[in-house]
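Asks: Letter by letter, the chains look like this.
2 protein chains.
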Amino acid sequence: MKHKSNESSTCPVARSLDVVGQWWSLLIVRDAMLGVKRFSEFERRLGMAKNILTVRLKKLVEEGILRVVPASDGSAYREYELTRKGEDLLPVMVALRQWGDRYLFRKGEEHSLLLDSRDHKPLETMTVRSEDGRVLGVHDLEMEIVKTS
Amino acid sequence: MKHKSNESSTCPVARSLDVVGQWWSLLIVRDAMLGVKRFSEFERRLGMAKNILTVRLKKLVEEGILRVVPASDGSAYREYELTRKGEDLLPVMVALRQWGDRYLFRKGEEHSLLLDSRDHKPLETMTVRSEDGRVLGVHDLEMEIVKTS
Numbered sequence: 154m155k156h157k158s159n160e161s162s163t164c165p166v167a168r169s170l171d172v173v174g175q176w177w178s179l180l181i182v183r184d185a186m187l188g189v190k191r192f193s194e195f196e197r198r199l200g201m202a203k204n205i206l207t208v209r210l211k212k213l214v215e216e217g218i219l220r221v222v223p224a225s226d227g228s229a230y231r232e233y234e235l236t237r238k239g240e241d242l243l244p245v246m247v248a249l250r251q252w253g254d255r256y257l258f259r260k261g262e263e264h265s266l267l268l269d270s271r272d273h274k275p276l277e278t279m280t281v282r283s284e285d286g287r288v289l290g291v292h293d294l295e296m297e298i299v300k301t302s
Numbered sequence: 154m155k156h157k158s159n160e161s162s163t164c165p166v167a168r169s170l171d172v173v174g175q176w177w178s179l180l181i182v183r184d185a186m187l188g189v190k191r192f193s194e195f196e197r198r199l200g201m202a203k204n205i206l207t208v209r210l211k212k213l214v215e216e217g218i219l220r221v222v223p224a225s226d227g228s229a230y231r232e233y234e235l236t237r238k239g240e241d242l243l244p245v246m247v248a249l250r251q252w253g254d255r256y257l258f259r260k261g262e263e264h265s266l267l268l269d270s271r272d273h274k275p276l277e278t279m280t281v282r283s284e285d286g287r288v289l290g291v292h293d294l295e296m297e298i299v300k301t302s
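From first to last, the protein sequence lines are chains A and B. For the first sequence, the tail end lands on 302 under the working numbering, and the numbers increase by one without skipping. For the second sequence, the tail end lands on 302 under the working numbering, and the numbers increase by one without skipping.
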């Protein structure tokens, strides 16, 4: 079902989900973060039909999350790379990954683990914190409506 | 389109998106985090048809993200509340929100802002960090396959 657009919502969560709230959008971004650049490689990894993948990559380019660049090896292929806006989805990606790690794997199951490439150690667990560094839970928050400056 | 299940994927991002990768799942979780408990209130806020909302709430209960509890005022209503697994989606929610804040609002537009309820100040911006606290970007990461312990 196509959902009601949240483009004019005052809630940034709703607007974000308008852009990346379909499972496939974050899977494509994930693969781009892992260094996938070419159509054929996205196709193989994601198992999507060519026509569907074409539409989805186009949407991510229109949203300014991916951009199309000439192939890095000088061949005629086009490549997709993340823009700054796309790269800035990293905290969303890592938060999703850590939640999945915690709740969606049974003991002994294989799973991929993201490491800091300098020290080859697991990342810090992401937490929501106040300006002065206190860890906050869902009951420590309040909301107000402001204007974007 | 129904997507290929990622239930057996080794990637925690893929598994998480199997569970919360539809825009409506995180909107329901968002509202539950804001204190929404009753069917009629979800219905009003989300603008979903009753039958669709029923199926979606049921799915979130089955996934162990929401649970059904007797009404807090002693009435016959049923209420929905987040489980620990549901509350632990907070970092995903805040990361999505901060990304939306940064990229999806024009100057002067109204948007909701999440504050620390003790000091009434904005939250720290979420970042991905190494165990020893360095801020990491997409090019500072590597992946390996491990078994869940």
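Calculated directly from the structure, the hints in this document are not laboratory data. Don't take each hint at face value.
Result set (DSSO-like, lysine-lysine): computed pairs, CA atoms no more than 27 angstroms apart in a straight line [unchecked claim]: (1) B:Lys212 to A:Lys238; (2) A:Lys212 to B:Lys260; (3) A:Lys274 to B:Lys260; (4) A:Lys203 to A:Lys260; (5) B:Lys238 to A:Lys260.
Asks: Each hint needs a verdict: does it hold in this structure or not?
Replies: A quick look at each hint next to the structure:
1. B:Lys212 to A:Lys238: Outside the cut-off at roughly 32 angstroms; violated.
2. A:Lys212 to B:Lys260: Given that 27 angstroms is the threshold and the Cα spacing comes to 24 angstroms, the pair holds.
3. A:Lys274 to B:Lys260: Distance ~40 angstroms between Lys274 of chain A and Lys260 of chain B Cα, so the pair is violated.
4. A:Lys203 to A:Lys260: Violated, because 36 angstroms separates the two Cα atoms, which is more than 27 angstroms.
5. B:Lys238 to A:Lys260: 17 angstroms, holds
Taken one by one, the earlier hints fail for this structure at numbers 1, 3 and 4, listed in ascending order.
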